[in-house]
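> Going down the list, the sequences are from chains A and B.
Numbered according to the numbering used here, the first sequence spans residues 31 to 837.
Numbered according to the numbering used here, the second sequence spans residues 2 to 385.
Read the hints as simulated data drawn from the structure, not as lab findings.
Computed from a prediction, not measured in an experiment: that's the story for all the values here.
We treat Cβ as the ideally placed atom computed from N, Cα and C, and that holds for glycine.
Any given hint could turn out to be false.
Label-pair restraints from in silico Cβ distances [said to hold, decoys possible]: (1) HIS167(B) <-> GLU590(A): 51 to 59 angstroms; (2) GLN344(B) <-> ILE362(A): 51 to 59 angstroms; (3) LYS53(B) <-> THR619(A): 45 to 53 angstroms; (4) THR376(A) <-> GLY137(B): 51 to 59 angstroms; (5) CYS727(A) <-> HIS135(B): 28 to 36 angstroms; (6) ILE362(A) <-> LYS53(B): 34 to 42 angstroms; (7) ALA305(B) <-> ASP316(A): 28 to 36 angstroms.
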Amino acid sequence: MMSGVKLDVLWSPVHHDKFIIWGPDITLYEVARIKEIEKKTTFTPISPTKGATVVASQSASGVRCVDISAISEQPEPLLALGYASGKVTLTTLKQTYDPLGLVGREFVPRFPRLCNSVSWSHTETSMLAVAMEKHRSDHCILLWDVSRGTMQVDEAKGTESSSHSSTEPIKPLAEMGLSETAHSVSWSNSSSRTLLASMNLKYIKIFDLRDLSNKGVNMTTTRYCHGVCADPLNPWQIASRGENVICVWDARAFEKPLLTLLNQKPVVNIQWCPTRRNLLMSLQRDSTTLRLHDIQQTNSDCKNAFNAPDNVLTATAVEAEFEEYSRGPSVIERDLTPGQGSTPSTHPVVAFGWHPAHEARLVAVCSSGAIVDYTVCERVTVSWGGREGLVWSGGGGQLRLMRDDFYATIRDISYVMKRRANSDYGLKPDLWQNADLADDDALSGLWHFLALSKSLVEDGCIRNSPWRHPGVRTAVRGGDAAYRSEMVHSMLQDLPNRRVTMYSEERLWREALAAGAPALPDAYLRALLHFLAASATALLPHHPHHQHTADYTDVLNETEMRLEDRVAFACIYLSDTKLQEYLKQTCDTLVEQGDLSGILLTGASPEGIALLQRWVENTGDVQSAALVAARCFTAELLKDPRVQNWLDSYRNLLDSWQLWWARCALDTWVAAGAGAAGGAGGEFAGARHVCVACTYCGKSVAATHGHNRPRVAFARLPPPAAKMKQVSSCPNCRKPLPRCGVCSLQLGTGSGGGGGGAQFGRWFSWCVACRHAGHATHLLEWFKEHTECPVSSCNCQCSTLDPPDRF
Amino acid sequence: MGELTATNMFESQTIFADHKDLIHDVAYDFYGERMATCSSDQYVKIWDSDGKGGWKLTGSWKAHHGSVWKVTWAHPEFGQVIATCSFDRTAAIWEEVGDTAASGSEKGLRTWLKRSNLVDSRTSVTDVKFGPKHLGLLLVTCSADGIIRIYEAPDVMNLAQWTLQHEIPTKVSVSCLSWNPSLSRVVNPPMLAVGSDEPNTTNAAANVQTDKATTCNGKVFIYEYSDVSRRWTRTECISWVQEPVNDLAFAPNLGRSFHLLAVATKDVRIIKIEPIPESGAVGAVGAVGNGGCGSRFKCEVVAAFEEHSSCVWRVAWNLTGTLLASSGDDTCVRLWKMQYLNQWKCVAVLKNERVGEDSPPSGRVHTTYMRLAPMANPAIMHRH
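Pulled out of the complex, with its shape left as it was, chain B reads as follows (with noise of 0.2 angstroms):
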């Protein structure tokens, strides 16, 4: 084990975020200047950076009667706009406007309007997330029920507006989505994935059930945009993963020619989908090592890490989705960079230190070591 040396021990900063209750998600904007948290306690809060490594409370209010699960930000060409879901059922959409009551000097504090509240949901609104701004301003939700539903605004102008464009059944239980950033849409058509946190007690009756799908009972789908029918469908589905999913991502794509998703599952999964081209789909006898499920994509597991003793929680990207941050049981997160050629590593483990367990809680140290693994064996990295 790599020797603690003062190079390889990080101070973390803690911002006191006075959330009442647990922290569902953190959402940064485009430029990473601006923070959102939402939390249990039905509220929502922005943190601005000062730019020196400070974050000032800018706004806080309550958002929805029930816990808020998400809160993502649109691309800033819309404005200062976000949208959080919540267990209430409902997905709402938050604009930024100045704080009318304030005169000129008194221009920092900033007041969130809803512009709209997304009714459409029978259960709890699970994930929330903006399509690509190449798309125009898109809105995707999931809720526990299996609906995928994606809004538009047709005027960009006008939040308070949006059209439920597609409604898309899954019939399991989905618990987050991730739309592909790809930039080129020549290459890719507007593409989803989605997680499902079915357990899987009920397996063979699942099965039975989604007659159409019955070769595949994995919990990741990939959903695909058609210009030529106008509807999403499920074009892969990927068997790979048969553990309830907590949590997925896209990475971002970056010129690469295949896409890499972040499962977050029983372990850390990064799955690298890599479209054939049309030629060997028209010959579907190439289609080799995909599961037998379609013949879109290739799909193949590049990494799958079990570090976080039993459940992982929370998957994120960098933005270059060269590493890839994850946090499971251990209450750890985990770092994971990508090597030359694809091989994945884990490079940082950082801990929350343990409230009050060994120091009186009065005497609390707000502060969390990280240590970098050896890179030679990252086999042999302890738990902390």
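Isolated chain A (complex conformation) (with noise of 0.2 angstroms):
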């Protein structure tokens, strides 16, 4: 519809809302939330919620070019056309109030020829600058301001007509550029009455226009030197370009370009993001997508040039590095595809312009008419942390995280593991006690399990298992009657005593019975008929004791039933044969499934392994199997990998929530659970324990009394040191013990006397760093008011290298 004709779209720099598009026709458009236009308004929507009605539109035949004022007392947007003539006129689109008496005036150049372009200075809101075609005569930019001119015509406000015919027409403020072209001018906006010019096809003139009698011009040569324009937040940075090319300037060093971006296609438009530093977009011939250029600078010159505020905080850590960075700024560059929603637009894009205020905001216009409120969205970083803080980046150098009562809500296994570890579960002393804490039906009966298979082995009814929480497979492994019966009243124990009675043989009317037996709701009534009508079956040919080759199976099939009634149902009724089949079936499903019930066949055994492998990789319940491992596992089924990667990746979720406590609970029961069976010989017995071994031989300091040695060693120490039972040399080899780098003392064991540990005072302790050590208690005090290491002779900054207190 529009193709092939040019287009331009402008914000209103005062107007945040307002913008016009100028093709064939210059339009104003209002934009407005979809919700709140007037139902009979027809709009164009340009963004699932916003939509933009035309306030007024005229013809455009004969403009050159457009720019809106940033004269703020301006109801409506005054718009300044240039025409072919040369002539500019400042005009509404729509008839309103008009307070400086603008609209409506005209600049005429002395000579008419192509008006090329016009340009608002956004900090002097009244001065235009318009560049014009050349004239060997003439000049070709001058320089209007609007406001002087209509002083003359309130003068003349009486003589309606004079203000053409005026004898006088309005002078320009100032000319430059005699008999030379100037293609394009625009305003550096963020440092006073610099103007930019692009001119001849060959040079960008930069005129310093505070002193007008004497106006200072920077300039440099170059092709590319259409569509200037400055970096309204950096006054040095600017942009051209030319052909396929765009070159970024510094103007403080203008001989050559900072950059050359080199494009696929002939660059139409550039502009700078008003709102973002460095950001610079442009829009090539035929395109569908914007370029983003990301000027990145790598010289530190930018530190000026933020201002970079003289914080405390700030930057002692960057020695001045004179390393040279010749490198200078790069670039990087993204592809952006305006378009509404997830149908990005498939036409090319004609025209585009940055909202003035709001970040990173633009207008698009498509060949194919469509109009495009697009929002340039930042990249936003997320990240987790281990108190389930949830960060990411807002816009506008802001992180966000969500508070505590989100996580609640969102009750992830995460959050309800460190609920469970906070109120010890798992570490209780009696496993069913675990069984409240975790607030789950599955766990619940994991740990009531558990706990009854453990008093059972201890009580001898289950014997010969070589797991201390044998489940049923294991029970009946054995396969003496007997003992199965005996289990069903065990483990079993909450069976309901169900006593059925049959009251008739009529063949027909129990088959009626079976048949109707699926639409029942409840699960044991079912079970019930088809456990009749099993019976019955099998009791036809009047041989009472073949009961066993009835076919339980739709019985044993009601998998609604509990597992322990199917169970025990299979225990009572099956043949030893097929009950190890049922069980075997039955626990590999449950284990296929991670189906927590099935702990009952399996118990604490291998297979019980594979099952809470399967759990935690449904649920992420890593926390459960670590602590059921540590409290009822053997320590052969401890060796395992899976059972070893749960205790690891447990403990490091402990750590990271700095819950040494429950990590030390855990420790504990693991090394009984490894050191119980594994007798002293087992390698994970004193795995984790910790000694302090005597730097001259090698030996333990503390493992000297009692049996191993006999009294003769103490004997030869002096009787005082014998007495305090504290040793301060090695009992091995008698060599002296370190000295506290405090009070200069040797370091008791403290464990020496035999009777239990030291006080937590006269721990050795010593910085990992330096490796200087002294008690507790004086290293504390002493780091309380110093963070240097106490020896003298040591610069070690030991009390900084643990993360800094919070309180």
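From these two lone chains plus the hints, build me the complex, please.
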């Protein structure tokens, strides 16, 4: 529809909800939320929530260039239109109150020629620069002060016709470029009265207009001189284009461009983002995308440009590096497809305009005529912390964090696990106590079963079990029937006593019953009917002893029945081989599903590991698995790499939550589990123990008293030391122990006396960096006041190696 | 759509980070008590939690001569150490030391010293990550020219000395990498996943170049270290991901027998990587469903979400690997939660309130609201 026609989009610098599209017509649009637009008004949707209504429109024939004034008093956008005759007129597209009397004003050059560009200054809002074609005896850039003229208009109000025919037309404030051509002009908005111009197809000129009588000019020669514009946030940074090249310049070193960016197609428009530093957007001909150029400063100049806050904390770390950073800036490019929602437009973009104030917002016009309101979104970075903290970067240099109540609502397993860990879940002395803490049916059943199974083993009901918590499968492995029935009462004690009496042998009736069974809502009722039907068929030949031939699969397959009941039923009614088969099959299914109730069958055995592994993978609840392992597994089971992986993972979680007590208790249970069965020779026993070794002989300074060594060693020590039961030298080689860095006394082992561990205050404590040591209390006192090591010759900042105290 | 009630509306806390430019990365330390941010303004800032929900700025310095892309914390057993990487082609190791100028009472102010500057890369260093702590003090960097470098500090007390252990050329531009955090060294050798942001326009050409990997034009590669050959080798190329990758992250392993890898590309993908037992690898015929490249793993896409309209930027796992956060082109942060049996669903959308569009910039509210999706049907989750 509009292809081939030059189009442009311009936001009003003052009215943040208004923009114009300038093509064959100049149309003023107003943006509003679609909800707020009155029903009957026609509007163009520009984003899912916003629509643009046409406020006014007029023909643009003869108009060569447009700019919107930044005069804030104007109730409607004030446009400057440059015509082919060189005339510039001011207009508002809509008739409104005109406080400054600017509407309708005209500025005419002495010699008519094409007007190429108009530009309003945004700092001195009455300044209007006009660029024109060459005339041999006139200047090509005219600077008008529109407010100056108004006085004359006001004075001439009475003689209405005089404004045109007035003998003295308004004179421009300044004129530049005698007999030159100016292709475009633009103001540098961040510094006062600096005008940039592209001229004669080969120059970029910067005019300093602070002193109009003595205009400073800075210029450079380049083919890529068109569309010159300055970064509104960085006054020295200037961009220009030409053919398929974009150049970025530094006005302070104007000889050659900082950057020359090549593009595949001719660049038709470039604009600096008014809200974000160093961001340039360009549009190539017939392209569906806009290209963002993020200019990366690698020279240290940018520090000045940032006006870095001279905060106390600032930059003590970077010593001035005099390394030559000759690399200069570079650029990161990113292509955007402005589009609505998830269906980006496939039509080429013909024009775009940055919004003057809203962050990274722009309007783009496609060749289809569609208008798109688009916000260039910055990359949002997200991160999770160990304390359930989710943080992400919001716009404008903000970080956002979610509050605690949020995590409670999501009820993720991590939150649940942390809550359980805080309540000593899994660490209670009696296994069943953990069941209530779990607050979950499956886990509660698990702990109850483990407690029950343990008590059965302890009571001697289940004998010869290789595991401390055997399951049904372990128990029935022996296969003797008495044992089996015993188990029904012990392990499956809550089986309801159900007695079934058969009243009739009417076969049809029973078959009807069996057929109707699936419709019953209660699984137990259904099972009952299946049982009736099955046992009836078995009983039919009047051989009551052949009961086991009955086909109970329907009953056993009633999976809504509790597993305990099904297993108990199987134990009572199935033959040995069938029972084994049934148990194996059920067990495999449950292990495959990771159904915790299956622990009834597996117990804490290798099959149990497989089951818990599935549970971990399905739910992420490594905590329960690790705790069950720590509490119930034998040393042999603990060696399984899967179990080690649970334990390590859970330890890591506890570390991260800083739940040291829970972690310590876990390790104690694991060591106990490994030690109990593995005996003293087990590699786990003692693996986690820490001992202090003598630096001279390498033997533990604590492992001396009692059985290993005769008392002789002590007898040779001076009596007071022996009496104090505190060793100041190595009991093996009798070389002195290290001295405390604070009190200079030898560190005692504290455990030499054999009467339990020493008080914490007497513990060996040392810095892992400088390896200087001392009594724990002395060091605590010392580091309250100091950060440096107490040993006089050492400069180690021991205490700062830890993260800072939070309180 | 779920009704907006008081219970499913949350306010987020806002920290005004005062970075002068876009924040590229936020990283928590191991305990979640400290936070490091880095930005295009070339600064790195450190934030400490006061334990009551507040965050205090305790360090801020100009770390590089270019945009700082990523920041990462070392495990606390190595001290208070972070690593940063930048557009200025370097990666740096920083250690916190007490402010020597401050007397005993003013211990609040901390100084970060640059302990080492890794200058091997010829191009922008796009990602940096410390290795899992059971491997020692390892650091891996990747750069835009596609070289992965693995450094090791042989003496963990001396952070000034880093030796370049391995240099792995990938031949494609690498944008991100992630260590496999699995703790069991027995089962899993050290493993890295790297993602490439190589655009697909040169797809045909790239295929010709990578003669050895002609079978696969995926963008995610798995590298593993072999103790026998003492080398890192590419053991897998995940052909499910064909679009440029912006970010990827291994989930904390948490006792699973498989690994979960989240990939941010055109969509959010969760890929399950299951090591095939050695016996299965010998009988290579058993290698099913892994796209025909290698037989070390069985890879499977367990979830792919396209809700972030066109592009996903970052993915992050929570501590247990059961919640995934992703951010994308729609400027939303979405949370994906593992349901029973590895089903993933969107549980929350966190939207940055657009600044200034509807309200004047001055009266802008620093809040964000999230809405829980009705669990039953996440498909009709709307954008806000």
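> For each hint, tell me whether it holds in the structure or not.
Do the hints match the structure? See the list:
Roughly 57 angstroms separates the CB atoms of HIS167(B) and GLU590(A), a value that falls within the hinted 51 to 59 angstroms. Range check, GLN344(B) to ILE362(A): Cβ separation about 38 angstroms, and the 51 to 59 angstroms hint is violated. Between LYS53(B) and THR619(A) the C-beta distance comes to about 50 angstroms, which sits within the given range of 45 to 53 angstroms. THR376(A) and GLY137(B) have their C-beta atoms about 53 angstroms apart, which keeps the hinted 51 to 59 angstroms range intact.
Distance hint check for CYS727(A) and HIS135(B): the Cβ-Cβ separation is about 31 angstroms, which falls inside the suggested range of 28 to 36 angstroms. Between ILE362(A) and LYS53(B) the beta carbon distance is about 39 angstroms. The supplied range of 34 to 42 angstroms therefore holds. About 33 angstroms separates the C-beta atoms of ALA305(B) and ASP316(A), a value consistent with the hinted range of 28 to 36 angstroms.
Comparing the model with each numbered hint stated earlier shows that hint 2 is the single one that does not hold.
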